[in-house]
Amino acid sequence: MKTYWRSIEELANPKELRRDEVREEAKQKSMLMRGDTALNAASRRDFLKTFGFGIAAASIVASCKRPVDKAIPYLVKPDEINPGTANYYASSYFEGNEYGSIIVKVRDGRPIKIEGNELSSISQGGTSARMQASVLNLYDDARFKGPLKNGQEITWEKADEEIVAQLAALNSQGGKVVLLSSTVISPSTKEIIQKFAEKQTNTEWIQYDPVSASGILEANRMSFGTAFIPDYRFKQAKVVVSFGADFLGSWLSTVEYTKGYTAARQLQDGRKEMLRHYQFESGLTLSGSNADVRFPIKPSEEGAIVLALYNAIATAKSGQLLSGAPSSVDVSDLANDLLENEKQSIVISGSNDVNIQLLVNGINQLLGNYGQTIGLENSLMTKQGIDGDTDRLLSDLKAGNVKALLVWNANPVYDHPKGKEFAEAIKKTGLSISLSERPDETTALCQYVLPESNLLESWNDLEPKAGIYSLSQPVIAPIFNSRQAQATLLKWTGADVNYRDYIKNFWKETQFPKQKNTTDFRHFWNTALQNGVFETAQESKLTYSSDGISQAASQIKGAVSGIEVALYESVAIGNGKYANNPWLQELPDPVAKISWDNFAAIPVAYATENGLKNEDVISINGIELPVFVQPGQAKDTISVALGYGREIAGKVGDQTGTNLYPYIGIENGTRQYFLTSAKVEKVAGKVFELAISQTHYSMEGRPIVRETTLDNYIKNPVSGNELKAEHESKSVTLYEAPVYNGHHWGMAIDLNSCTGCGNCAVACQAENNIQVIGKEQVRNRRIMHWIRIDRYYSENPENPKVSFQPVMCQHCGNAPCENVCPVAATPHSEEGLNQMAYNRCVGTKYCINNCPYRVRRFNWFQYVKNDKFDFASNSDLGRMVLNPDVTVRSRGVVEKCSMCVQRIQEKKQLAKLEGRPIAEGEIKTACSQSCPGNAIVFGDLENPESRISKLFKDQRNYHLLEELHTLPSVGYLTKVRNTKA
Amino acid sequence: MRKSYLLRHFFLRLKAFIFLLLLSLLIFNTIPLSASSVEDETDEFTEDHSHGDIQRGERFFKGLLPTDRKFESCVSCHILTHSDTLNWNPSAMDIAQKFKGKDFAEFQSAVMQPNGKKMEASHKDFKIEEEDLKKVKLYLDDLAVTGPPSTGPTINQIVIFLLLGLLMTFALLDLIFFHKIKYRFVTVLILIVALVVQVKMVADAAINLGRSQNYAPDQPIKFSHKVHAGDNQIDCKYCHHTAEFGKSAGIPAMELCMNCHVLVREGANSGKFEIAKVIDANETKKPVEWVRLHNLPDHVFFSHAQHVGVGKVDCKQCHGAVEEMDIMKQTSDLSMGWCINCHRDTKVNFKDNAYYDNYMKLHDELKGGGIDTIRAVNIGANDCMRCHY
Amino acid sequence: MYKTDVRGKLIDGEKSLSQISQEILAPIDAQTPKWWYIAMGVSLVMFAWGAHSIYITLTQGVGSWGVNNTVGWGWAIINFVWWIGIGHAGTAFSIFLLILRQKWRTAINRAAEAMTVVAVFCAALFPLMHMGRPWLFFFVFPYPNTRGPLWVNFNSPLFWDFVAISAYLLISASFWYFGMVPDFATIRDTTKSKIKKAVYGFFAFGWTGSSKEWLRYEGLAFVLGGIAAVLVVSVHSIVSTDFAVSVEPGWHTTLFPPYFVVGAIFSGFAMVLTLVTLMKKLYNMGDFITENHVDAVCRVLVFISLIMGTAYITEIFIAWYSGSEYEMFTFFKNRITGEYAIQFWGMFIFNAILPQLFWSRKIRRNLWVVFIISLLINLGMWFERFNIVVTSLSKNYLPANWADYSPTLVEIGFFVGTIGMFSAGVLLFFRYIPQIAISEVKMISKYNTQQTDHLKPGHHHDYE
Amino acid sequence: MITNKKYLVGVFNDEHTLIDAFEKALQKGVVIEEVYTPYPIHEILHGMKNKTNITTAAFFYGLFAVVMLIGGMYYAAVIDWPLLFGGKPFNTFPSFIVVTIVATILTITILTLFTFSARAKIFPGKNAVIIDVRATDDKFIILLDQEKMGVGKPEITRLFEANGASEIYEK
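Residue numbers (this note's numbering), protein chains in the order written: chain G, 1 to 981; chain X, 982 to 1370; chain A, 1371 to 1834; chain U, 1835 to 2005.
These are calculated hints, taken from the structure and not from any lab test.
Glycine included, every Cβ here is placed at the ideal spot set by N, Cα and C.
Hints may contain errors.
[What the hints assert, rightly or not] A few chain G residues facing chain U, derived, Cβ under 10 Å:
{"id": "1", "residue": "733"}
{"id": "2", "residue": "735"}
{"id": "3", "residue": "736"}
{"id": "4", "residue": "738"}
{"id": "5", "residue": "813"}
{"id": "6", "residue": "820"}
{"id": "7", "residue": "967"}
[What the hints assert, rightly or not] Non-contacting residues of chain G with respect to chain A, defined by C-beta distances greater than 10 Å in every case (computed):
{"id": "8", "residue": "82"}
{"id": "9", "residue": "151"}
{"id": "10", "residue": "154"}
{"id": "11", "residue": "172"}
{"id": "12", "residue": "202"}
{"id": "13", "residue": "224"}
{"id": "14", "residue": "333"}
{"id": "15", "residue": "528"}
{"id": "16", "residue": "561"}
{"id": "17", "residue": "611"}
{"id": "18", "residue": "613"}
{"id": "19", "residue": "672"}
{"id": "20", "residue": "679"}
{"id": "21", "residue": "728"}
{"id": "22", "residue": "731"}
{"id": "23", "residue": "886"}
All chains should be built: construct the whole structure from the sequences, respecting the hints.
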């Protein structure tokens, strides 16, 4: 097996040592790249060294002696760090407009895993796949290694000096300075920016989001007087109507919404009511696939449908009717359903069209949802960018009005529709400074690059929702020569204070007075830091006004003919900022099950009409894209994901997929994420291979995902699960049932709560050192994920019902795989686990064949330290993310879900040391810990009081392929759809 | 006629072959050692001394000069190999390293004005000409760069193995073609014995792959567990203090050493020289690079907490009589069978730990008298996933 | 007793015992023919491709093959079963025909046994290379070790397989070898070359043909024959358990052991037919391998083919009769129809229908047709294994896992390499080893005349 | 013609003449040292009155192997280190049978081969003591020890010649 740390020196004092090593490595590499003369001079001696080493290595092999391992102790051991024991620190994630409160697991000085923070009212212990994968961004070799000026290394002191001088010169001339950043939700940072603007008098700060919420913000400005995003409380809703908003996959605050949505839909512990979800959309999104009723529509139809719904509700409430384009969909049933659930419904739209958002506001107001299911107090802050601002900036830049441009965390050259114009303009700007962590299309054009630290290396305070605060703290010293942007700005304002002290002071002044629990600031600060969150009560005095709604209605255009292309953010890659993260690239799209590329999802009927099949190539307005035939894709529409086709991102993200940002249209001053009247042609004879990890859609009528409707479920809780009784009555065996003395670990998965988001797959990947294998191998159906989410379609291919089912090793009591291993590499444990001893495995693959669930994975190649798999695990830096508690598997062995046995062992040992039984919920697997849907429950089946034992007794519980009598330790709860009878 | 010619020819060839074989082994074994001297040829000592001076220094150090001396040669205490922990005196290499960057005066005072009881006793009545001492210093500086002299090649197992192979080939050829040996059973016996010896050698080598029982490498400091744990009765867990709750027992931080060595500056065996290394390490902030003894393979997860903290296993059970070891060595072979068989025998303190309340069935059996003790193996200690995950 | 009037003569031409020796040994004594070098060259080129494929497999991993997480076994296992099946001919010929006292086997059994040994070698390569970590293959062996000791899993069909294949290899090789000892003595005593005398003399183990030796030799033959008869049935039954013991639809059937054994004998006999026609033509062994021999093998093939057809239909019937939707899917949607239908129908036509042509005596006597049909049967048997291995794996219980399988060049190269290895082995056999068991042919030469007077001295040419 | 040669050799051209001569010689009370033939002839093997217990030995080898194999597997799988595989009991006797059958066969083969080798003295490296090189080709040889023939040489010569011996010589 592979070494995951090279010696105990890392174990004992990793931070310093590793950092030095990595710096050295980086230095060597940069020297090599520049062909440094000093290096050339040294080459002869290097040759001798290498030569000497070669012979020494040969002699070691010949004498079969082991290399000597060193054990280097600390000079002074910090109290909190014990080698081999992990520490957990609360922190916060805010990247790409997504917020989550997180706990970072730090093992021997290295952050290796991100978990959800249960104390946060926003993410509530859940994470998204992107949060899980963000730990790998820390160990990304593509990051800047130090400050650069025109591509040449420069010291911080020199850079500061030069820039401060230039800024001062500009200040005296009154030259305009623009700070272009992504949305900033840090109160202290806002203050710093303000201070900077005070010093640099002619400063403008523009917030820019690649996929903006401009429409909502502007609409609310008209309806409520302030630009804000309201607080959607899905947990309290009975009916949700979404117009193209993929609130479970990519829209605003997905983890929070998933938590609320699944809570409102779960039927455990005798609950008999459930949220009903209507979805209007073009492509089949994650939300759409979870919807009870889904309407495939063209993006241009949306406005008219919203208007029709408004009118239908207004009619019932005898309100004023609005005139506008006619709707193509009959919304009367929907309107009735909403009216029945007044004050308990949510209507949302993902559109960036202010008019549509105004109408949506009107509907919510008519239904009385404001103040009930839609809160106005804790408004969401994660998207602040107003589209018009950037357009204005572009024209300013072009006109030469901007003398200095500071770009922080924004990449308009790549993700703005007028990226090319931005590129030209930035080149012409007198002073351009990038404060970016990693190279991108924009940093490449800036004169100065002052690299920011990774979020795990930084201090920060955040206000994701009004009145809800959280803190970030560094869990590792900066690996590279980087500095937080806030520190940089502070330095330029002349303040001689480090950012940590600044935040602390800021909190002392602003947050500390907001609470009454303690009078000791130190205590307050330590608690806040330990908890990661600090929440205060808010009040709102906003009132709704229907200003502009009738004008909005009149501006709604009817549906346009021709093919329309909907552009969306994918669940894994999002807006493309972290396209260089191999975990995210390899995560299959939850619906299409495609990784490593974006593609044109076309309707089934269109494909048959035009003779198109998967992996053919079509050209849309001249852009060539691979075809994927997507059931549920609305007629005359094509969906393509944004965030791909990066040019400067790193070895993983470069040239992966196609960039669609330049094709975004601008209408009424806001960016519209769809194209109308697209010209689509088949590119004859061209094939583009796609890494599709699930090729068959249908369950073939097999009882795999068992489902029922809510009505039937209320009548008969066994509904949909009748087969279980039949299977149990027929199960006859020669053998006695397995006996477990102490524990029997098991897992229950509520199919009603699983939205299919893929967070578990990445969480598992991070926890269990699962290797990335690249596009070609994924296409060869060799993906390594221990937990995969199967997706099935049923009924009408034009608008199918979708079922998700996470499948991992079922830890069968009568495991077919165990019998067939000749070398006894996979026996059953006394605690009901199906064990896999990697070092005993010789790789016959018989167990893979004999697993009816196909959850075993084979190491077809050496995936670690292999130049052919140059992803995360081919460099010392990338391998630092590996979990030292899990073996890194070598080539030729089988691996599979172990139910995170390392966590079980850790907690068992703790309980033994403390001389107490294991507490309920104490052990959590990586997938169950951070599931945003709370769909996975892990526990001890031998304990009759445990949550899992109760779920196993639920009448919805069944086992996958029960008829084979494999006696799985994993149970599924039937999926219940809330369709109207 | 033809047969005997063939035979003679064969033997001639055989001699030549064996000669070549031995020659190549000789060369092969010497290369790696000389390589280290090729590698580090630095240019810092080329100026004011000749190769002859170094040689003279070497001869003085080794006591090869025909001068009248009332004292032993340097080499009799300060041996030339890198270090030898049975000899408490610092080795020549150690001294060379220590005084490498320092000037002659410092060296002279260190030698001529002994500091500490141990050194005083041995360096008493030293009368060395300054000229001689200078040359010794030159020699030591040279030694620090070139490394210790190489030892001759050893005839290793491979040669024996190959010779046996040749013997077998010859026996087989004789059996088929030449029939030189009258009594057939002699040839057959040779064949069988050689084969058995070879198989045994291969099997032993295979079992020992990745094993290192009795591994006792030289450590950078001549640290004696006997002195610390034996003579001075320091508890194991004073230094290895994470053993009870951590996966690893922990190697004491340098700061911990200083708890005592801030006062204890001279030892009975090695005088001040070895303890000075600890103090130096603390002052220069460069922790000592100990050589790790107990190396489990990467796919094995062992936890001291489970064994020492929960199981209350005595350290000695696995690590042997540490308090008698001047040189620490690996006592157990750390093979899987060693773990497994211990788990089979070890009784579990089942009743006093509330954790085991989960094990209802076993408690019932204990009460019912079906079983009298619970051993580790009964609660799954030999499951694969206890150690491999 | 053998009835010459029913089966025809076993040896054509009136030959003395000495002539028998001379003619059978002719290829060994003669100059190596040119075609032999050409054929050997071609075989070695094929073998070299195979060796290169093995090199790639060993250095890069099994990932260089087309197998994936759904279809874990591909061409390698297909070829393994195919070669083992071919290997069965030798044992079946020697043992079954021995037990059934079929004298006509003597002319063919040596070639068949040689084929067995080479084929089993080829077969054994596949599971070894197919392992993820072939260098640890010895983990399969239950030897005392320092891991506890950790034994193996006696429940695993692969372990049974390992025991069965190693036993098969050892037993068939020794069976073959001890059959050759008297013949080696014949070469030793008739050859004029000193080198040959020494070499074959060594391999003859000091055989003289004394009654004491023959007595024990007969005893040994009796024992080996008796136990090898069990082996014929057991080996392929065990190979079939690799599939039958699993839960895969299409694999999990009790029909497999007899079905596999018969299938193995079928493919083995077909391969024997291929070889024998070659021997007859290339080495002028027509006098020893007469039309009657070929005829007899063809008749056996007709019979086995009927069993095969029955087995195929039974399998399909049981899939329907079981009512299991997974079984039904496998057979009706994934084999008879579906993307693997070509392989299914290839199997069915070549194995169950085509051999029915052998009902016609005319066809049985046409060597060319026989040769081609024998090759097609082997192709059909390969399709059968493909059908079993790939179709079941590629579409089993959970449709989400369904995946296709196609071989890579490395796998194809590996297969071609074993064909090269097989043909090289057979060519070496042709060149250096008596192709026909001389002593046995001599023994039956007395049955060559009319059976009424078979105990009277046969007339023969005087020895010169 | 008195020679100091030890053996008298009768050479026959075919099986039938050999059997005739052999049987007649036995009737006359001739003590036959050995018969060399190119293939086994049952009349001769029977007439030489040698017996072999190789089949009995094989049976006991089999018995030994069965006991050792089942015992060994039972020890390994049930007593020494019982491991759970797929919910099966530790003693999976039907599985043991499969291995037992095949491995027993293997054991019998190997041990019987060694027995044959030892008893028939057929082993690698053995020098053949060849009376007449043609015995492995096309001649059938009867070998008589001149000192222990039991019957006079002339009489035997006559008998052999009368029964179709192609050649009689001393060696």
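Hints versus structure:
1. 733: 8 Å, holds
2. 735: This hint holds: residue 735/G lies near chain U, its Cβ roughly 6 Å from the closest one there, short of 10 Å.
3. 736: 8 Å, holds
4. 738: At 5 Å from the nearest chain U Cβ, residue 738/G passes the 10 Å test, so the hint holds.
5. 813: For residue 813/G, the interface hint holds, since the closest Cβ of chain U sits about 5 Å away, which is under 10 Å.
6. 820: 8 Å, holds
7. 967: 7 Å, holds
8. 82: 31 Å, holds
9. 151: For residue 151/G, whose nearest Cβ neighbour in chain A is about 38 Å away, the distance exceeds 10 Å, so it holds.
10. 154: 44 Å, holds
11. 172: 65 Å, holds
12. 202: Since the minimum Cβ distance to chain A is about 59 Å, residue 202/G lies beyond 10 Å and the statement holds.
13. 224: 46 Å, holds
14. 333: 33 Å, holds
15. 528: 45 Å, holds
16. 561: 37 Å, holds
17. 611: Label holds. Min Cβ-Cβ 19 Å, cutoff 10 Å.
18. 613: For residue 613/G, whose nearest Cβ neighbour in chain A is about 14 Å away, the distance exceeds 10 Å, so it holds.
19. 672: 36 Å, holds
20. 679: Label holds. Min Cβ-Cβ 34 Å, cutoff 10 Å.
21. 728: Given that every Cβ of chain A is farther than 10 Å from that of residue 728/G, nearest at about 18 Å, it holds.
22. 731: Answer for residue 731/G: holds, closest chain A Cβ roughly 14 Å.
23. 886: 19 Å, holds
When the structure is compared with the earlier hints, no violation turns up for any of them.
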